[in-house]
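Top to bottom, those sequences are chains A, B, C and D.
Residue numbers for the first sequence follow the working numbering, so the first one is 1 and each next one is one higher.
Residue numbers for the second sequence follow the working numbering, so the first one is 1 and each next one is one higher.
Residue numbers for the third sequence follow the working numbering, so the first one is 1 and each next one is one higher.
Residue numbers for the fourth sequence follow the working numbering, so the first one is 1 and each next one is one higher.
These are computed hints drawn from the structure, not numbers from a lab.
Remember, it's a predicted structure, so these values are computed and weren't measured experimentally.
A hint or two may mislead.
Since the list can't tell identical chains apart, any single copy or any two copies may satisfy a pair.
[To be verified] EDC-like mimics (lysine to aspartate or glutamate), calculated; alpha carbons at most 16 Å apart, straight line: (1) 128 with 186; (2) 138 with 239; (3) 138 with 293; (4) 138 with 186.
Protein chains: 4
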Amino acid sequence: MSTEPMHDIAHLGHLELLTNKMAESAAFFIDVMGMTVSGREGNSLYLRGWDDYERYSLKLTESSTTGMGHVAFRTWSQQALERRVKALERTGLGIGWTDGDLGHGRSYRFHDPDGHVVELYYDTEYFKPEPDQKPYLKNQAQRYPARGINVRRIDHFNCFASDIRANREFFEQNLGFRLTEQIVLDDGSEAGMWMTATNKSYDFAYTKEAHGVRGRFHHVTYAVDSRDDVLRAADIFMENGVHIETGPHKHGVQQTLFLYVYEPAGNRVEVANAGARLILAPDWKPIVWTEAERKRGQAWGLKTIESFHTHGTPPLPADLKKGVSE
Amino acid sequence: MSTEPMHDIAHLGHLELLTNKMAESAAFFIDVMGMTVSGREGNSLYLRGWDDYERYSLKLTESSTTGMGHVAFRTWSQQALERRVKALERTGLGIGWTDGDLGHGRSYRFHDPDGHVVELYYDTEYFKPEPDQKPYLKNQAQRYPARGINVRRIDHFNCFASDIRANREFFEQNLGFRLTEQIVLDDGSEAGMWMTATNKSYDFAYTKEAHGVRGRFHHVTYAVDSRDDVLRAADIFMENGVHIETGPHKHGVQQTLFLYVYEPAGNRVEVANAGARLILAPDWKPIVWTEAERKRGQAWGLKTIESFHTHGTPPLPADLKKGVSE
Amino acid sequence: MSTEPMHDIAHLGHLELLTNKMAESAAFFIDVMGMTVSGREGNSLYLRGWDDYERYSLKLTESSTTGMGHVAFRTWSQQALERRVKALERTGLGIGWTDGDLGHGRSYRFHDPDGHVVELYYDTEYFKPEPDQKPYLKNQAQRYPARGINVRRIDHFNCFASDIRANREFFEQNLGFRLTEQIVLDDGSEAGMWMTATNKSYDFAYTKEAHGVRGRFHHVTYAVDSRDDVLRAADIFMENGVHIETGPHKHGVQQTLFLYVYEPAGNRVEVANAGARLILAPDWKPIVWTEAERKRGQAWGLKTIESFHTHGTPPLPADLKKGVSE
Amino acid sequence: MSTEPMHDIAHLGHLELLTNKMAESAAFFIDVMGMTVSGREGNSLYLRGWDDYERYSLKLTESSTTGMGHVAFRTWSQQALERRVKALERTGLGIGWTDGDLGHGRSYRFHDPDGHVVELYYDTEYFKPEPDQKPYLKNQAQRYPARGINVRRIDHFNCFASDIRANREFFEQNLGFRLTEQIVLDDGSEAGMWMTATNKSYDFAYTKEAHGVRGRFHHVTYAVDSRDDVLRAADIFMENGVHIETGPHKHGVQQTLFLYVYEPAGNRVEVANAGARLILAPDWKPIVWTEAERKRGQAWGLKTIESFHTHGTPPLPADLKKGVSE
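Kindly produce the complete structure, drawing on both the sequences and the hints.
So, in structure tokens, the structure goes:
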């Protein structure tokens, strides 16, 4: 009888995005994405989709650069949090406990093998709507804003990493994430991985960084209710002068209907929908995509845009940038 | 520190539906619902939505009556199955182990307090598509059939029960289901409950049976990808002469875009979509709907149709039927 | 060889709606419907959907009562306007020429046989967007507002009339509208008619007024791009406390996906979508619905709500109101 | 006072497509596009979308080559047909009267300046559904097939032409089509035109042929009800191994949500949706796109695929094919 699956991580909680164009980035998330400000503290603005149940899912922090400040997962319980901390401390990648942040209590921070800062917490604050934010139906966190793209909730994020395998094993062994899909090149090396702790088919992805730079961020994704909503998002990005990098189109991997844009500071943001697709199998066999299969492009034949492999935040150092599609 | 949540049930696996009009019911599920036959054995036909990962999700069995033969949940592991059996045996409601069925191994059957037959199993058979059923994308169980309503996967079921509270506590305590929403009448009695073991906001619901008859079935639901797909399903039901009981409309409870029909033998079947709604909170506080709130009707104001409270399968005995809306 | 079809009316231009709750009605059309103010004059506010090519399609006028001030059609040419005026003058129902209004030049006003005021004009002002209203694509009148329901353009209107046949013949003979569908009761009397001068399957409808009151208004309809947009409109109406009378559902007549609400002053407003349905046949044979067919309810089985036959604006006089569903 | 608009052409009726792979092409239109066979005669199969009111909209003819056999427009009346014939006879491009074809009476054929064969007719046969094709709602031509892509009706076609201006003037002057959009290059030459005789924003388009070959065909388009239906069509094409050339994406010109594929013999076929967009203005000012604007790519930024400018049917002669993207 095999080992039982771990159930300690409940879901992706929030992501901290760094921006060196605070006003423009804030306007993008509020007016174009249709998100709601639910907190301000220090150099940070806290933002949410209308159906995020916690106080916020995005912490936007003014900075001299761009990229991901940290990403946070909520655990299933206080005990689960402590079990994971014990495991993480053994990896030598632990950073330590924090006193919490606006909206959540004590958290434990660590590095993944590629150097991104990841956080675990359990104590959290449910969103409390202001009177004019109260929904008609009380099983909904907040009134539908009917503004901009009206993103519903945070869905997943994507980081670059130089060593995909090392990161995959780290998240599998220490946090209990399950691999649902991956790319394995002809030489046996891993070029991408999609992992989940929920019934969503992925809570995050890591894809191969080609320049040897650590800790780079690829994108954060917000979910809308239908594929048609992604098309409408494209119209709204277009009308607002937002740079659309690629999409809407359907990924072969995970079958997500995707749309990628750069927010004003250059961080990549995705709006996506997965239809009614869920991973319900407790023993899901990871889908392995080969190099040849990836070369077929996206599901409906769109060639993967070159910048998708190179553009990340923060930008590459000047000496690495030559000839790179950004 | 509170008790940790149980994680032994993985998901709703399949439901056995009894029909006394086998040919007509089969045609309904194949031609109108767009499901695929993936097995035949004895008096039963095994059917599936194109994205159900197991061999089937519906067992349609010829019978002298209608209603639910049994419903089955898959566990997270073999150990989880055995833990649940131990708990169930203590309730006195256990029936015992089976040798399995087409598509899955040994299973344990028991009664819920209202007398419905429920089954747990872990060993299962993943669907193996025939050559002409192979999907283009290998992360999908089966080629999209492009026939009828094209239902994607089983979503949930609904039974009637005389004592909602007893059934709720049974599923909470013995199987670890979490209550997400419920109806509590002014006199404190429970009239409906929605429970989940996944990130779907419910895997099943039980609503109040008004006539004191045990073991009745309300409906089984298949998911499609968008709310617009539910509207298209309504067109297809209409064109095929299927009786539409109510919908498409939006439930206040759970916010599902619903559409209810009676398949030819009279069993209620739903086609539904939940958008990108998921219950991700590990400590979700159940939403309690009051009697007054339920009287407001459905989300957009539609009055709940009377037959929704009375029509179930098998039909009521003749002496109970007087004046009942079927 | 039969008479050739007339081509003098180009399309429905605008409708004047009277309100005795100006501030609330204006907020409804701007914030909830997502319309844009494109003019103010006297007691009137001029509003538009983002793809109406003329300056406005709705004139909202402060009044002591509610209902339709007038409705206006644009002709295909100046010559067409003059031809229609000649015909109208012969009917004895002419009112006379006006000096125009904000956004259009000279117009000719007349009564239909039920006493509604109808206007014809040709000279018009195309909408000129302010800098922040400029669309990205120059084949679009105005930037997509991404606010509220985002109605696209005026679609049609519906009036009550005591004598449907008289009104039908009036619009056929004097204005060249073509009948596409109608309801004829068992006694041979007409109970509803749908007429068009375009490839839309109707530019207006008249339905039977039951109380002998002249000049009453039933509703004005704005089009959105998809049936799913109508569902989203229902969510937005719900969130904003707007009274939803009935829908979303599909009409059997004309197959429109409909959603009816009352704006704050009580005028009925519809948001609708017809898919890709067009009447292209130059010799379309009118569809005649019988009394029995109408009793089947709407396309998917919803019973037609009683108030649909009785609620109109202005409200009925007090002595007629007894027992009437409003 | 200016000349009045002509109203002699009612709509695009049908298009004859040549195929040198009859069985495969037929299977594509029936099984994948979801069209219905409504006639067979000689080497031709007659096919229809479920809401085409005439007997058919596509005549598929076995041939030694590919491309367009002819395209046909229905006139508003018999008199309109005769008026147009008189005008066409004066151009020297007339071919002459035919005795009609399956489904329509006498027709007049002529060449456009680029050599395509065009036909006008008035007498037509409305589609008469077989018992199992009868729709539930009698305002619909045929039961919704619920098979494949379920295309609704023919929408438009596109031909290549060497001299766009000459063709535009020919259709304007002799047939009364109105130009709604066009591409004019920096040197003043016209590179594309979109014309209509209806409220659709175009009934056909002509785009610049680069190799000096006459009479080539670009594509025929069928309409579905929503943009989401176009996405689903992409899934169905993908599952059926159909070559997707480009899309789904949104054209800047005309804002159509497009999806282009090659049917098995190589003819390009489009599935598209325009939302609720209509051209209602009788004096619409043609939108002129410049060379620079076209270089921005499609609406959401997709680069126009090279084969879109070169691939047509029949294929280019071998000596012209070098280096051409097909």
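Consistency of the hints with the structure:
no.: 1; hint: 128 with 186; result: neither (51 Å within a copy, 26 Å between copies)
no.: 2; hint: 138 with 239; result: between (33 Å within a copy, 11 Å between copies)
no.: 3; hint: 138 with 293; result: between (46 Å within a copy, 10 Å between copies)
no.: 4; hint: 138 with 186; result: neither (52 Å within a copy, 18 Å between copies)
Going down the numbered hints, you'll see the structure goes against 1 and 4, while the others check out.
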